[in-house]
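K.L.:
Residue numbers (this note's numbering), protein chains in the order written: chain A, 12 to 257; chain B, 12 to 257.
By construction, these hints were calculated from the structure, which means they are not laboratory data.
A portion of the hints provided could be inaccurate.
Repeated chains share a single entry, so a pair holds when one copy, or any two copies, can fit it.
To be verified - Result set (BS3-like, lysine-lysine): computed pairs, CA atoms no more than 25 Å apart in a straight line:
1. K204 with K31
2. K183 with K42
3. K244 with K69
4. K204 with K244
5. K31 with K42
6. K69 with K183
7. K204 with K69
8. K111 with K42
9. K183 with K199
10. K16 with K31
Computed from a prediction, not measured in an experiment: that's the story for all the values here.
Number of protein chains: 2
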Amino acid sequence: MKPAKSAGIIIIGDEILTGKVQDTNTFFLAKELWSRGISVRSASVIPDITEVIAREVKDFSERFDFVFTSGGIGPTHDDITIEAISRAFGVRTVISDILKSSMERRHNHLTPAQLKMAEVPEGAELIDDNGLTFPLIKFRNIYIFPGIPELLRRKFLAIGDRFNGPRIFLSKVYFNESESVLAPSLDKIVALKNGVKIGSYPVIDNSEYTVMVTFESVDSTALDATVQLLLAKVPGDKVVRVVGPE
Amino acid sequence: MKPAKSAGIIIIGDEILTGKVQDTNTFFLAKELWSRGISVRSASVIPDITEVIAREVKDFSERFDFVFTSGGIGPTHDDITIEAISRAFGVRTVISDILKSSMERRHNHLTPAQLKMAEVPEGAELIDDNGLTFPLIKFRNIYIFPGIPELLRRKFLAIGDRFNGPRIFLSKVYFNESESVLAPSLDKIVALKNGVKIGSYPVIDNSEYTVMVTFESVDSTALDATVQLLLAKVPGDKVVRVVGPE
């Protein structure tokens with residue numbers, strides 16, 4: 012089976028690092044990418060500092076198949092993502108005629124701040140999927156998204172089909188048993204190395220269950236067999252619920 | 012004025028990168044640290060892979076005054092944070108007698124999985140603040156937290172006083188005006204370089220305002236003066252609300 016393509020997410024914004032705003036873009040992108048068979052390997056929140064953005068973008072671009080950035084592409088002084096990406100790859104920042112026209116359709120006379128929103132790293136591609144008022148900027152393997160969650164969602168969903176890979180199936184088993192009691196059984200199953208990825212997530216203050224165990228695989232038959240293996244090792248009255256494969 | 016101490020946050024967990032769970036620990040820690048005058052410079056979500064955790068922890072430990080990790084300290088196969096930190100610094104993983112006694116008070120006979128939860132990197136310090144059922148593990152400048160949000164919160168709040176620095180004041184001004192129209196006025200104020208940090212955050216689909224501008228400084232007088240400077244540049248009917256300093 013072909014290995015999944017990899018991705019990294021970079022959230023650019025002081026507002027997240029100072030706790031003024033809760034980031035929801037990582038959750039949205041991670042979920043959407045995972046459901047399309049893309050493996051997100053790292054997600055990073057970094058401040059509005061050109062050198063820091065440039066270094067992170069370069070590093071992620073080399074390490075992962077796809078990079079998704081969020082934030083820093085508006086008209087104000089702290090919107091420096093485009094400049095940082097240009098600097099990271101040693102290209103100029105230029106005005107895109109397409110973006111400029113798109114801005115001009117909305118404003119009679121462009122101010123310097125508005126013109127700034129038409130800037131791209133030289134060599135960037137514009138993805139103009141139907142329904143988008145403003146095309147998405149792509150440079151090399153980097154997809155440059157706005158930080159506003161609603162805009163990021165719309166833009167991602169408009170181009171989501173580009174990322175469809177082999178589907179990953181997920182099953183979840185909820186237990187009413189201490190994680191340390193389940194651990195030896197889980198260890199035995201993990202030791203099989205049968206291509207099914209297993210995660211164990213305890214919760215507290217939940218009246219329904221104490222541990223959720225997740226099973227993931229591109230092979231739904233192997234997935235089902237592995238779930239059954241674990242269920243056979245745990246007394247039935249400790250099993251709250253089995254969900255999936257989905 | 013003394014510069015703020017710096018911090019980095021490392022969220023360890025495949026469940027975040029696959030979008031199964033929305034991370035809330037970064038938001039909580041960022042907010043708490045910022046309110047104590049600590050500047051969070053980077054927050055990173057990484058998978059349950061020993062080498063990846065070891066590299067990130069080492070890097071963050073060298074770059075920042077404090078490092079906070081979340082996740083990977085339970086009894087199961089995917090709980091490898093302690094082992095990764097030991098490896099990062101070339102020390103052994105050892106059983107802590109204090110943690111072992113703490114476990115033994117809760118269980119009659121410790122299984123290997125339970126004993127695993129008493130492991131620490133050799134040389135670790137245990138912080139046993141009143142009210143905690145299980146002490147917090149600290150190694151060098153790294154504070155090792157559980158990933159379960161409710162536990163992380165309790166443990167952080169129990170030791171929060173350790174991080175109190177100079178207070179940072181925050182004011183927010185909400186505008187009903189396009190960000191690109193506000194941008195030139197903001198740029199002029201940013202150019203003053205008067206120690207007040209300014210952020211501009213547009214929203215969409217909000218009936219009350221279109222842009223929130225934030226002002227931050229350890230000097231509340233400079234902060235107030237800067238807010239007034241911006242207000243003088245914008246027509247009064249475009250200002251929705253001024254909040255702070257708080």
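K.L.:
Give a verdict on every hint.
P.N.:
Hints, one by one, checked against the model:
1. K204 with K31: For K204 and K31, only the inter-copy Cα distance (22 Å) is at most 25 Å; the intra-copy one is 43 Å.
2. K183 with K42: within (16 Å within a copy, 32 Å between copies)
3. K244 with K69: Intra 47 Å, inter 39 Å, cutoff 25 Å: neither.
4. K204 with K244: For K204 and K244, the Cα distance is within 25 Å only inside one copy (18 Å; across copies 65 Å).
5. K31 with K42: Both: 23 Å inside a copy, 7 Å across copies.
6. K69 with K183: neither (37 Å within a copy, 34 Å between copies)
7. K204 with K69: neither (34 Å within a copy, 29 Å between copies)
8. K111 with K42: neither (33 Å within a copy, 38 Å between copies)
9. K183 with K199: Classified as within: same-chain Cα gap 18 Å, cross-chain 55 Å, threshold 25 Å.
10. K16 with K31: between (33 Å within a copy, 19 Å between copies)
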